[in-house]
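Undergrad: So the chains spell out like this:
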Amino acid sequence: MHELPDEIESRVREIADGADVDLAVESDLGPDGLMGKQWLVTTKDRLYVVSPDSGIPIVHHDIPVKDLNEINAEIQVGGGCLIANVKGEFVPLVRYSNAMAKEFGYAARRLQSVAKGEDAPPATEEDRTRRCSKCNFPLETGSDVCPNCVDKARAIKRLLAYIGPYRLLSGIAAALMLGSQAMQLAPPYLTKILLDDILKKAELHKGTVPLDMRHHLGFMLGIIVLALVGTRVVSMVMGIFQSRITAYLGSKMIHDIRLQLYASLERLTVSYFDKRQTGAVISRISQDTNALQEFLAFDIQYMLSNTLILVLVIAVLFQQNWKLAALTILPAPFASIAAMIIFTRLRWVFSRVWHRWSKLHGVMSDSLQGLRVVKAFAQEEKEVNRFERRSEALYLANMQAEQTWATLLPILWFVLTAGQFIVWYAGGIGVIDKQVTVGTLVMFLGYIGMLYGPLQIVTRMWDWIGRSLAASERVFEIMDSQPEEVDPEKQTRMPNIEGKVAFNHVTFGYDKNRPVLHDLDLHVEAGEMIGLVGHSGAGKSTTMNLLARFYIAQEGNVEIDGVDIRDISLEDLRRQVGIVPQESYLFSGTIAENIAYSKPEATPEEIIRAAKAANAHDFIVNFSDGYETQVGERGQSLSGGERQRIAIARAILHDPKILILDEATSSVDSGTEKQIQEALARLVKNRTTFAIAHRLSTLSHANRLLVLEKGKMVELGTHEELMAKDGVYAKLVKMQTEIASQVAVGG
Amino acid sequence: MDPDIQQNLDEAASVRYLAPEDFALSKNEGGSLRMTLKDDRSYLRIKTRRIFPFTYPTKYVSVRDLSDEEIGIISDLASLSPEYRRWIEDDIDMRYFTPRVKTIKTIKRRWGGFEWYVITDHGAKKVITKGVHDTMSEVQPGRYIITDVDGNRYELYSQKLDDASREILERLV
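Sequence lines, in order, name chains A and B.
Residue 285 in this note's numbering sits at position 285 of the first sequence; the count goes up by one each step and never skips.
Residue 22 in this note's numbering sits at position 22 of the second sequence; the count goes up by one each step and never skips.
Misleading hints may appear alongside valid ones.
To be verified - Stretch-level coverage of chain A by chain B, calculated; a stretch enters the list once three of its residues show a Cβ under 8 Å from a Cβ in chain B:
id, stretch
1, 29 to 42
2, 96 to 103
As the list claims (entries may be wrong) - Over 10 Å on every C-beta distance to chain B, these chain A residues come out as not near it, computed from the model:
id, residue
3, G18
4, P52
5, P122
6, R214
7, H255
8, S286
9, V311
10, D366
11, E402
12, L408
13, E525
14, D564
15, S624
16, V684
17, K712
18, L716
Source of the hints: derived by calculation from the structure; they are not laboratory data.
In this text, all values refer to a predicted model and were calculated from it rather than measured experimentally.
No residue lacks a Cβ here, since even glycine has one placed at the ideal position from N, Cα and C.
The task is simple: from the sequences and hints, build the whole structure.
TA: Structure representation (structure tokens):
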């Protein structure tokens, strides 16, 4: 698994009589538990733990594999420990930090198999934390991009690809921008002509100017002023058109990206969302795409135009007077360095402000969302105090940030514009020595004024690009995440499944090293109803998640009608496996739309029939808007029992061959309960049904009951059989009847 | 109330506190602890967990068996004999790999997070974390638990840092 250093390998060979190394795993902790290194090395029949030393590596453990009764990678806080049971004694072998948990988890599984005389399971991709080869940052499974070392050029290229379809418009926008920027170069030049050719000539004629000359000069003056107005107007008009095109381009391109991103999100597996907060995913869509819009629509243009103007101005300056030009840009390198230092500093202070803001937000949303709880326990004052502490921290950070900004920026501006003073002096001397005309000097100063803005922007450019690339990376990462693994080649179309289900020795864990289902083996006939019983955490919902193919079993498989569900076309599978979840989620929309969610083309008659069968029709009719009552967010609020019956109606209309029923835990009154039970009885008829019930009484229709405990099947049989067995199920039933009678009496 | 149910509830809610005289400990060569309850059975290997790791690090230690069932709770380690106390503390230490940051040499901004170059009580380490918000939690005022990209945890008391380190930290939070 890991590359073994030579001296350790030779040491192991020496004590193992030349046996080959089978597996080597490196720990990031030394034998003393401090940061360091040690190795778990196995040969065909022995296990060693070796740590490097200045001299010969030290062997800490040397155990024959056949003596291992058991070996486990124990999960601890912040790390783990490989623990072996050697002839009845527990021996901690190697400690490691979480960074190595996957590797040792695999080592334990492998040794366990070898000790039992089974074949060693091969290491898969998930048994190793894949890391960026450059910076050691762990990569997510299925992602090869290291956010730190991402190839910037590649990301930019990919980002620019979004401009592709709008090449022509982008070209026009760029040309307009170029024109408009070039126009801005004219005014200082025209000023020079005004000063040197017109006003100066007038000045040379002491006293009155001859009439013809006055006319000539007046005419020239008019032309120059008109030209000044003209360039300004043309530049403005070009600018307006360019901005309008840009606005369209930016909004349209970001629409494209957002759409693509959202479409990829909807295709991702359930497990992708398990690991992430929905809020974080939503903010990624909105914030990161916004950042990209800013970049594609404005920043690129802004950067290009400013770079362009910088180059043009410098070119004009050098063309006019290279000596003065050189003096002008003399402070630029220093200014750039200063700008970089200052903006780095500002980034730190402002990100601290941002961090404190989000903490304040956290306090606010916490206590406002939980307002009822706050009030119920009269904790308003405590919440205000908590808020005050956060707010104060924010104000301090904010103040410091603003003060830093207010201090550093003028200094930067001063350094940046210092060239001006050099030009005033050197240019002034030039004028005195008659080497430079007044017009040239004024023109220079005009151009210099145009230089500083772009210079400042160019120095910040990398910062912007960096930030946008970070956003683009996060966006692309979602787009590139593996969607539900579909192999179109192997997808068997099964438009009419019968409903036979088999779990063949299924082992599964959301985290591979912590299985929650162990070796589940269950065969269900079409039309049979199976009740799943067990304490919470026993694995009932997990079993159902596997049947719905939200997750794939790690060992063994799930079959429908004898076909591995991995090979069944997802469309056919989802159409014929229906789920009534514990929390019936209603989308914003009408009741009718919610019932017809899986079958939008359903006729009103079909919807009514489904609602009627679900005992939902009567309460729906009693809403003033009937089936068109708005539900979901900001809609009519429904009781738990009502939502449940709408979910049942949804499932009835969906008409699946296999039904997964996760009974709601929320208690309803006995009348509603009866109605729901009736509705469910109609729903499960002629379908293979898996029902997770928390009240065992509701499983009375079940043909067989599957009792799970800690992920293992402990009992399977009919109610009567299991009662006669007097095992786990019987005990659960007894407990519930006691509580029920208790409630009935005590009420 | 039905007396049976009452009893059930009491049973479910009852916690066994282990007084020093209730048990004996022994330690095997490998370092795993064995607990024998007085007049009762013996557990080959026990696991210890802190229940209030931040507020009462030396009190309320849950002792569990291999299948993670609780054997009982030791209310205060100070009540144990020095030897037992050391054994239990060693076991706890082994189970909590949470190096304490003593010095921050530098914190570098990197894409998608930070690189910390720190010296901990377990040695020097380069720690890579994602953004501040997700990775630093202030468990008590001035006391942070930092979780790195691998899920490793580091503890940091801002009050106990030297001035230079604290200054670096304060740029961040």
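Undergrad: Work down the list of hints and note, for each, if the structure agrees.
TA: Do the hints match the structure? See the list:
no., hint, result
1, 29 to 42, "holds (count 5)"
2, 96 to 103, "holds (count 4)"
3, G18, "holds (28 Å)"
4, P52, "holds (15 Å)"
5, P122, "holds (24 Å)"
6, R214, "holds (66 Å)"
7, H255, "holds (26 Å)"
8, S286, "holds (17 Å)"
9, V311, "holds (29 Å)"
10, D366, "holds (14 Å)"
11, E402, "holds (16 Å)"
12, L408, "holds (15 Å)"
13, E525, "holds (35 Å)"
14, D564, "holds (33 Å)"
15, S624, "holds (45 Å)"
16, V684, "holds (32 Å)"
17, K712, "holds (12 Å)"
18, L716, "holds (23 Å)"
The earlier numbered hints are all upheld by this structure, with none contradicted.
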